[in-house]
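Chemist: One-letter residues, chain by chain:
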Amino acid sequence: MNQIAMSDQRLETPLLEMRGISKSFPGVKALNDVNIALYAGKVTALIGENGAGKSTLVKILTGIYQSDEGEIRVDGDAVSFTNAQDAIDFGVTAIHQETVLFDELSVAENIFLGHAPKTRLGFVNWKAVNARALALLHSLESNIDPRTRLKNLSIAQRHLVAIARALSVEARIVIMDEPTAALSRKEVDDLFQIVRRLKGQGKAILFISHKFDEVYEIADNYAVFRDGKAVGSGVLAGTGQDEIVRLMVGRSIEHAFPKVEIPLGEAVLSVENYTHPTEFRDITFTLRKGEIFGIYGLVGAGRSEICQSLFGVTRPSGGKLRLHGEEITIGSPGEAIKAGIVYVPEERGRHGAVLELPIYQNISLPSLTRTSRSGFLRASEEFALARKYAERFDLRAAALSVPVGTLSGGNQQKVVIGKWLATQPKILILDEPTKGIDIGSKAAVHAFISELAGEGLSIIMVSSELPEILGMSDRVLVMREGLSAGIYERNHLNAETLVRAATGNA
Amino acid sequence: MIRQLFKYREMLLVVVIAILVAAFSTRSPGFARPANLANIFNDTSILIILALGQMTVILTKSIDLSVAANVAFTGMAVGMLNAAHPDLPLAAIVLVALGIGAVLGAINGLFVWKLGIPSIVVTLGTLTIYRGMAFVLSGGAWVNAHQMTEPFLQTPRQLFLGLPLLGWTAIVIVGIMYLIMSRTFLGRAIYASGGNPTAAVYAGIDVGRTRFYAFVISGTLAGLCAYLWVSRYAVAYVDIAAGFELDTVAACVIGGISTLGGIGTVAGAVLGALFLGVIKNALPVIDISPFAQMAISGSVIIAAVIFNARQERRRGRIILRDRGASEEIGVAA
Ligand SMILES: Nc1ncnc2c1ncn2[C@@H]1O[C@H](COP(=O)(O)OP(=O)(O)OP(=O)(O)O)[C@@H](O)[C@H]1O
Ligand SMILES: [Mg+2]
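In the order they appear, the protein sequences are chains S and D. FYI, my numbering numbers position 198 of the first sequence as 198, with every residue one higher than the one before it. Positions in the second sequence are counted from 1; adding 1000 to them yields my numbering.
Think of the hints as simulated: they come from the structure by calculation, not from any bench. The reader is advised that the hints may include incorrect statements.
What the hints assert, rightly or not - Distance condition first, Cα-Cα at most 25 Å in a straight line; then the derived SDA-like pairs of lysine to any residue:
id: 1; chain 1: S; residue 1: LYS259; chain 2: S; residue 2: GLU455
id: 2; chain 1: S; residue 1: LYS289; chain 2: S; residue 2: PRO467
id: 3; chain 1: S; residue 1: LYS229; chain 2: S; residue 2: GLY482
id: 4; chain 1: S; residue 1: LYS320; chain 2: S; residue 2: ARG350
id: 5; chain 1: S; residue 1: LYS338; chain 2: D; residue 2: LEU1186
id: 6; chain 1: D; residue 1: LYS1114; chain 2: S; residue 2: THR93
id: 7; chain 1: D; residue 1: LYS1114; chain 2: S; residue 2: THR329
id: 8; chain 1: S; residue 1: LYS426; chain 2: D; residue 2: PHE1185
id: 9; chain 1: S; residue 1: LYS338; chain 2: S; residue 2: VAL313
id: 10; chain 1: S; residue 1: LYS338; chain 2: D; residue 2: ILE1117
id: 11; chain 1: S; residue 1: LYS151; chain 2: D; residue 2: THR1184
id: 12; chain 1: S; residue 1: LYS151; chain 2: D; residue 2: GLY1208
id: 13; chain 1: S; residue 1: LYS229; chain 2: S; residue 2: GLU455
id: 14; chain 1: S; residue 1: LYS118; chain 2: S; residue 2: LEU134
id: 15; chain 1: S; residue 1: LYS338; chain 2: D; residue 2: ASP1206
id: 16; chain 1: S; residue 1: LYS229; chain 2: S; residue 2: GLU489
id: 17; chain 1: D; residue 1: LYS1114; chain 2: S; residue 2: GLU451
id: 18; chain 1: S; residue 1: LYS388; chain 2: S; residue 2: GLU451
id: 19; chain 1: S; residue 1: LYS151; chain 2: D; residue 2: PHE1185
id: 20; chain 1: S; residue 1: LYS426; chain 2: D; residue 2: VAL1201
id: 21; chain 1: S; residue 1: LYS29; chain 2: S; residue 2: ARG246
id: 22; chain 1: S; residue 1: LYS151; chain 2: D; residue 2: VAL1201
id: 23; chain 1: S; residue 1: LYS199; chain 2: S; residue 2: THR93
id: 24; chain 1: D; residue 1: LYS1114; chain 2: S; residue 2: GLU335
id: 25; chain 1: S; residue 1: LYS320; chain 2: S; residue 2: GLY265
id: 26; chain 1: S; residue 1: LYS426; chain 2: D; residue 2: ASP1206
id: 27; chain 1: S; residue 1: LYS426; chain 2: S; residue 2: GLU266
id: 28; chain 1: S; residue 1: LYS229; chain 2: S; residue 2: GLU71
id: 29; chain 1: S; residue 1: LYS338; chain 2: D; residue 2: GLY1162
id: 30; chain 1: S; residue 1: LYS186; chain 2: S; residue 2: LEU134
id: 31; chain 1: S; residue 1: LYS388; chain 2: D; residue 2: GLY1116
id: 32; chain 1: S; residue 1: LYS151; chain 2: D; residue 2: THR1198
id: 33; chain 1: S; residue 1: LYS151; chain 2: D; residue 2: ILE1117
id: 34; chain 1: S; residue 1: LYS338; chain 2: D; residue 2: PRO1118
id: 35; chain 1: S; residue 1: LYS388; chain 2: D; residue 2: PHE1185
id: 36; chain 1: S; residue 1: LYS118; chain 2: S; residue 2: VAL79
id: 37; chain 1: S; residue 1: LYS259; chain 2: S; residue 2: ALA237
id: 38; chain 1: S; residue 1: LYS186; chain 2: S; residue 2: GLU489
Just need the whole structure built from these sequences, with the hints factored in.
Modeler: Set out below in structure tokens:
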């Protein structure tokens, strides 16, 4: 494998090297004797299926977990990270997959928490904090006001704040665990701009993503993990995607979008001039039986907000909703579920899963009326339901009775999707359905979505991933800043049109 | 795995309680006799029942500080009722106690549910209000043993298989609460509402309503305990059970109920209560002054909590190693 490049690299001491790293959790060996090296001025892509151990490695590198065995070297010297501060002191910063931010603090406070610029007297220099936060956000092409409370931001905006936070530290090693998962193409471009700048400054970057186009665009080297083992690494140029996929899953996968053309049925849900006090205005569309209706737009365009109001999480301030021609109002998620509308939220950690409860109880949670008899739960039914969806999506877990909190990010995702599909809805709203899911499982999710549409389910699918939107949708609503920027039919769909509509650049 | 840890924590409590009993019996030989143990259990029954109510509330990320005041008011009400209408059957009195308790619990619950006031604020308020109501109701007077009827006083003392009915009541309540928490929709909703309120809302669970029910359960159990308390101590006055709400919280904390909600089991709460019961009963036996007793009880609570917390951390690491070595369990449930 790339002999020349390998020997080339051997001449140079890696900026950071991990050797023989192992880490076990109850029932799982998350990392098994793993080696990986990061070089100055190079982006290394870390690739692997859900649960392969990527985030665990990141947590060891940032001092959140301690490895059971193995050593970390910075500039060739062995170091030990016993807590998060140690890692920061050695110049490691990270954008974590599950970002932890504080709702009640301002954006600027979130970005500089723990390392705020000080005045000469040792007080926090708020002026500098706000100014630097603004500059950081600007470099991400974002116009978020650093003074707003974090709780007022959308998921994607929070994500940008998390990125800004990681970049606010003077670091030599920057780790990004699925940083693009919530971002649309435009924000990804902005982020990559920054990554290239960091590269130019001689920083070593570890980049984790399930999206191959991004990996090929930004990374120089690759490392592939499978089931906690490092199964291959090298220089990306000249290494084909097939080869990496084969390393990753042990077989090759073809991911053609399994969209099945089915005749669309009658109108199921009509949304008429739907308006929210702050998030969106005058949204009108009809959803038909068997249709996959895509919603595309930039971060903050109001896509998730529409879904949330259709699901009764928030109330619209105007407009009408008709289900099978009859006008309805949806006051709570409970009412929506009863009406056969379910919503798979984007932010699984906060909205989707009860992390302390076991997998099977999470999957059965919205379906308890079906799995219980006169108010009493039946564990066997719950297990049967859970097993069905766990198998369907190839859920990797030690057992169905382990708490969801112990699963890898992508596997938590699968639990949440399974949980909602288990309710047997009529209208399914999917918010970024494959966010954080590896390519093998992604194909399974897409196939399943198609199958559901074929069974006559109506599906609304919000996605920032153009290939997914283009490959799966019958029609696409493009949103820009809370307004509709047009609805496009399948035969008029192409990437350029959608992006132009979403950004407003004619 | 968290589950397994908690199973372990409960085992640990069982072991600690057994060691305590053994240690005390070296100082006082009769301590570990079955009759004495039955006596301790009987003596702890009320705490067990109240702790289960408290647990239900804490699991939903709330707290009920008004349980003891509820006991005082409801106890006063049923004491006076018994004194005024001696011919009223005991069943009616117990029903009245349950009813009043449930209403007081529902008041807490309504404030939390409908007005969204934090439960600690609501129940801190009703704690004083309910006791104040007990004073208004009685004018500060006591209801004494001679005013109470024979069935009212004697029924909980009837022995059945060596254990008074009071103790059996606790056992039945433990059984019912176990069923509710592990086998019913409501139980699952309680865990989900505390574990992740937002996700619970998305799953169609009405978190506010669930909290309301938790308070009603806590209030109803407090109502039951009000009768049991007045009957056991054969007196009703404004200050009964003063401060007892803290014992219920302590029992929960010792039993591993997370004060952040969502984590904890019936067995944990029961063992936490028993642990406190054993300590309280043992200290007088080994001749320790009442003041020292209070200080010791308090220290033991803190020590137990610290011990529990540390133990859990260390245990976590050990299990990690063991499991890692024994490899996969496999996706079978
Ligand atoms: N805190 C934990 N307790 C128990 N098991 C854990 C814990 N964290 C991770 N694991 C397990 O370790 C394995 C690796 O998880 P990790 O999060 O590193 O995967 P990942 O490669 O980041 O996957 P994804 O692409 O889904 O984010 C998984 O099997 C996961 O269930
Ligand atoms: Mg991960």
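Chemist: Next step is simple, just say for each hint if it's right about the structure.
Modeler: Going down the list of hints, with the structure as the test:
Of the supplied pair hints, the one linking S:LYS259 and S:GLU455 holds, its CA atoms being roughly 13 Å apart against a limit of 25 Å. In summary, the hint linking S:LYS289 to S:PRO467 is supported, as the alpha carbons are separated by about 23 Å, within the 25 Å threshold. Restraint check for S:LYS229 and S:GLY482: the C-alpha separation of about 45 Å exceeds 25 Å, so the hint is violated. Distance check on the hinted pair: S:LYS320 and S:ARG350 sit about 29 Å apart at the alpha-carbon level, beyond 25 Å; violated.
Pair hint S:LYS338 plus D:LEU1186 holds up; C-alpha atoms about 18 Å apart against a cutoff of 25 Å. Using a Cα cut-off of 25 Å, the hinted pair D:LYS1114 and S:THR93 is violated, with the two alpha carbons roughly 44 Å apart. Annotation: proposed proximity of D:LYS1114 to S:THR329 holds, straight-line Cα distance about 21 Å (limit 25 Å). For a cut-off of 25 Å, the pair hint linking S:LYS426 to D:PHE1185 stands: about 24 Å separates their Cα positions.
As the CA atoms of S:LYS338 and S:VAL313 are separated by approximately 14 Å, the hinted pair is consistent with the 25 Å bound. Straight-line distance between C-alpha atoms of S:LYS338 and D:ILE1117 comes to about 29 Å, which puts the hinted pair past the 25 Å bound. Proposed proximity of S:LYS151 and D:THR1184 is contradicted: the alpha carbons are some 34 Å apart, above 25 Å. Straight-line distance between C-alpha atoms of S:LYS151 and D:GLY1208 comes to about 21 Å, which keeps the hinted pair within the 25 Å bound.
For the hint pairing S:LYS229 with S:GLU455, the CA-to-CA distance comes to about 40 Å; that exceeds 25 Å, so the pair is violated. For the hint linking S:LYS118 to S:LEU134, the alpha-carbon distance of about 17 Å falls within 25 Å, and the restraint holds. About 13 Å separates the Cα atoms of S:LYS338 and D:ASP1206, which keeps this hinted pair within 25 Å; it holds. Note on S:LYS229 and S:GLU489: the hinted pairing is violated, with a Cα-Cα distance of about 45 Å set against a maximum of 25 Å.
A threshold of 25 Å between alpha carbons decides the hint, and for D:LYS1114 with S:GLU451 the separation of about 43 Å lies outside it, so the pair is violated. For the suggested pair S:LYS388 and S:GLU451, the alpha carbons sit about 16 Å apart, so the restraint of at most 25 Å is met. About 31 Å separates the Cα atoms of S:LYS151 and D:PHE1185, which puts this hinted pair outside 25 Å; it is violated. Using a Cα cut-off of 25 Å, the hinted pair S:LYS426 and D:VAL1201 holds, with the two alpha carbons roughly 20 Å apart.
For the suggested pair S:LYS29 and S:ARG246, the alpha carbons sit about 22 Å apart, so the restraint of at most 25 Å is met. Distance hint between S:LYS151 and D:VAL1201 is fulfilled; the C-alpha atoms sit about 18 Å from each other, no more than 25 Å. Pair hint S:LYS199 plus S:THR93 holds up; C-alpha atoms about 14 Å apart against a cutoff of 25 Å. Taken as a hint, the D:LYS1114 and S:GLU335 pair is honoured in the structure, with Cα atoms around 19 Å apart against an allowance of 25 Å.
Between the alpha carbons of S:LYS320 and S:GLY265 the distance comes to roughly 21 Å, so the proposed pair stays at or under 25 Å and holds. Only pairs whose Cα atoms come within 25 Å are accepted, and S:LYS426 paired with D:ASP1206 is accepted, the gap being roughly 22 Å. Between S:LYS426 and S:GLU266 the CA atoms are separated by roughly 13 Å; this keeps the pair inside 25 Å, and the hint holds. A hinted pair counts as satisfied when its Cα atoms are at most 25 Å apart, and S:LYS229 with S:GLU71 qualifies at roughly 16 Å.
Pair hint S:LYS338 plus D:GLY1162 does not hold up; C-alpha atoms about 52 Å apart against a cutoff of 25 Å. About 19 Å separates the Cα atoms of S:LYS186 and S:LEU134, which keeps this hinted pair within 25 Å; it holds. Between S:LYS388 and D:GLY1116 the CA atoms are separated by roughly 39 Å; this puts the pair beyond 25 Å, and the hint is violated. Between S:LYS151 and D:THR1198 the CA atoms are separated by roughly 14 Å; this keeps the pair inside 25 Å, and the hint holds.
This hinted pair checks out: S:LYS151 and D:ILE1117 have alpha carbons roughly 20 Å apart, not beyond 25 Å. Our distance criterion of 25 Å between C-alpha atoms is broken by S:LYS338 and D:PRO1118, whose separation comes to about 30 Å. About 21 Å separates the Cα atoms of S:LYS388 and D:PHE1185, which keeps this hinted pair within 25 Å; it holds. Taking the CA atoms of S:LYS118 and S:VAL79, the gap is near 29 Å; set against the 25 Å cutoff, the hint is violated.
For the hint pairing S:LYS259 with S:ALA237, the CA-to-CA distance comes to about 32 Å; that exceeds 25 Å, so the pair is violated. For the suggested pair S:LYS186 and S:GLU489, the alpha carbons sit about 23 Å apart, so the restraint of at most 25 Å is met.
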